[in-house]
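Chemist: Quick note, the sequences are listed as chains A and B, same order.
Its first residue numbered 1, the first sequence is counted upward by one per residue in the numbering used here.
Its first residue numbered 1, the second sequence is counted upward by one per residue in the numbering used here.
Worth double-checking, as some hints may not be accurate.
Claimed, not checked - Here are the simulated lysine-lysine pairs, DSSO-like style, with alpha carbons at most 30 Å apart:
id: 1; chain 1: B; residue 1: K139; chain 2: A; residue 2: K295
id: 2; chain 1: B; residue 1: K196; chain 2: A; residue 2: K225
id: 3; chain 1: B; residue 1: K202; chain 2: A; residue 2: K196
id: 4; chain 1: A; residue 1: K41; chain 2: A; residue 2: K64
id: 5; chain 1: A; residue 1: K179; chain 2: A; residue 2: K189
Stated by the list, open to error - Residues of chain A clear of chain B, computed beta-carbon distances all greater than 10 Å:
id: 6; residue: P116
id: 7; residue: H130
id: 8; residue: S156
id: 9; residue: R162
id: 10; residue: P219
id: 11; residue: K225
Bear in mind the hints are in silico, worked out from the structure with no lab data behind them.
Just so it is clear, CB atoms sit at the ideal spot from N, CA and C, and this is done for glycine as well.
Number of protein chains: 2
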Amino acid sequence: MSVIVVGSTALDSIKTPKSSNPRLLGGSASHACVAASFFAKTNLVGIVGNDFPSRYLNLYQRHKIGLEALQRVPGKTFHWSGEYEVNMNNRRTLATELGVFETFTPELPESLRDVPYVLLANIAPELQHHVLDQIRKPKFVIADTMDLWLNIALESLLKLLRRVDAFVLNDSEARQLTKEDNLPAALRKIHRLGPKYVIVKKGEHGSVLSSPAGLFVAPAFPLRKVVDPTGAGDSFVGGLIGYLASRTGSIDSNLRRAIVHGSAVASFCCEGFGLNRITKTTRPAIAERVRALEKMTCF
Amino acid sequence: MSVIVVGSTALDSIKTPKSSNPRLLGGSASHACVAASFFAKTNLVGIVGNDFPSRYLNLYQRHKIGLEALQRVPGKTFHWSGEYEVNMNNRRTLATELGVFETFTPELPESLRDVPYVLLANIAPELQHHVLDQIRKPKFVIADTMDLWLNIALESLLKLLRRVDAFVLNDSEARQLTKEDNLPAALRKIHRLGPKYVIVKKGEHGSVLSSPAGLFVAPAFPLRKVVDPTGAGDSFVGGLIGYLASRTGSIDSNLRRAIVHGSAVASFCCEGFGLNRITKTTRPAIAERVRALEKMTCF
Chain A
1 MSVIVVGSTA LDSIKTPKSS NPRLLGGSAS HACVAASFFA KTNLVGIVGN DFPSRYLNLY
61 QRHKIGLEAL QRVPGKTFHW SGEYEVNMNN RRTLATELGV FETFTPELPE SLRDVPYVLL
121 ANIAPELQHH VLDQIRKPKF VIADTMDLWL NIALESLLKL LRRVDAFVLN DSEARQLTKE
181 DNLPAALRKI HRLGPKYVIV KKGEHGSVLS SPAGLFVAPA FPLRKVVDPT GAGDSFVGGL
241 IGYLASRTGS IDSNLRRAIV HGSAVASFCC EGFGLNRITK TTRPAIAERV RALEKMTCF
Chain B
1 MSVIVVGSTA LDSIKTPKSS NPRLLGGSAS HACVAASFFA KTNLVGIVGN DFPSRYLNLY
61 QRHKIGLEAL QRVPGKTFHW SGEYEVNMNN RRTLATELGV FETFTPELPE SLRDVPYVLL
121 ANIAPELQHH VLDQIRKPKF VIADTMDLWL NIALESLLKL LRRVDAFVLN DSEARQLTKE
181 DNLPAALRKI HRLGPKYVIV KKGEHGSVLS SPAGLFVAPA FPLRKVVDPT GAGDSFVGGL
241 IGYLASRTGS IDSNLRRAIV HGSAVASFCC EGFGLNRITK TTRPAIAERV RALEKMTCF
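If we strip away everything but chain A, and leave its shape as in the complex, we get (with noise of 0.2 Å):
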């Protein structure tokens, strides 16, 4: 079955203490759009302006990913810049400049409206609900957020919390939004905020699932070298949700694998800048990284 995934279409600066990596393709649309790409038919909502490069259009064709609600308008790209520190675990916003994600509705065409798997990608909750409106019967929804949107939209993602059936946040985050520092507390507050499944990222401590079958412990894929964290949380989610849409079966009974599939594309998104690494990755070496995960944890 198809994924529609709504989130930020952006041109990213990546600095580094070792390179300089202008206008990279990212936004949490493109990195979870490609990640999903690998496992099912995928949707793209987003903007872009006529300063989008063709190569990178061009990228998501060829990851098959849907295009009809990918409006191109005049202005300029979302244009996030960053740069890391030494160990890879700190980074700084340099500067943000929205250009046309400014006046930025989605539209869904008609034949997008009966997609089953929604993925509300890292956005303003205003434009996930507006997304989710469209959606006649999803048969899966999950919301991923940012801190931003717990300090200047929290009203709004509260609503859109009793709208999903599960909802990604790291653990700081978590920590934020139900002033706890005990995971399992925190996990239990989130769960009375409507989600069925909430989903904790830890970075590289991986994540925690907490479901009404309980909880499951996943690891992150342990990498030697993490060139760039940057869009490592919405490849998770991709990768995650496009495993589901690839499954027969009930969600409760392929969301664990789901998650560690989601590990393993992670892993490969950090392995480059942008989407340079994870482009090259193939379902193979994806299934691969999935089998060293369960020899990893298995006792």
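Following the hints, put chain B in place on chain A, whose structure we already have.
Modeler: Chain B in isolation, oriented as in the chain A frame:
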């Protein structure tokens, strides 16, 4: 088979924002011995002063901990006092009074020199060497440490690493020792220092074993409430070696389950001040948490 543990035997005074707990039984050897005692006959190598409460000797005896190598001498027992912040993650040392520890020279009675499982719990590396020198033919030697010894006794610790099968340290210590932020890279460097098995403790994020068979990623048991994490690392390695000593078969075939048993035992340690909670647990209750960890990780 039986276990010998050398480490500190202390009185711990632990403050939290909510309570003050003076003169609890503490020290790396106390925590490790109690944890190991659930699985195997365990012998304590340590020293206490004549202020050491008899109720704590009774506690050791209830756990059938061999006290032949526990020196009782005139003077004050080692006393540590510390204070935890509200989230129970950060602690600061308020006072350390070495007392009788200052002149500690562990001497093993003849009966303990053939004990096959040796835990060199956190203590000065010179004392770890001194105990290891007295063991005739150890089957398995594991050493723990702390940042203090990396700072003031690195040379002796590095010598020790060439003499042990396994080395346990926490993630910040692994970074400090190797100057590597990346965990797989740090693990490789630590193997080059000697140990066949390296186990990195990551607190609530669990632990990672690196061995010739590859990596094993183990979760911590998720707790709704952490009362006092003091001694959790000592309990972890104590449970680990106790479980190993209780098994037939090779170290390689048992080490993963030993780590999970260590995690389960350590979780009880965190649920009470000092040894209050762990002394009330049972082998079946530990087994239940091991089964829960199995359920939490299988996919």
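Chemist: Hint by hint, say whether it matches the structure.
Modeler: Here is what the structure says about each hint:
no. : hint            : result
1   : B:K139 - A:K295 : 27 Å, holds
2   : B:K196 - A:K225 : 23 Å, holds
3   : B:K202 - A:K196 : 29 Å, holds
4   : A:K41 - A:K64   : 7 Å, holds
5   : A:K179 - A:K189 : 10 Å, holds
6   : P116            : 23 Å, holds
7   : H130            : 34 Å, holds
8   : S156            : 29 Å, holds
9   : R162            : 25 Å, holds
10  : P219            : 4 Å, violated
11  : K225            : 7 Å, violated
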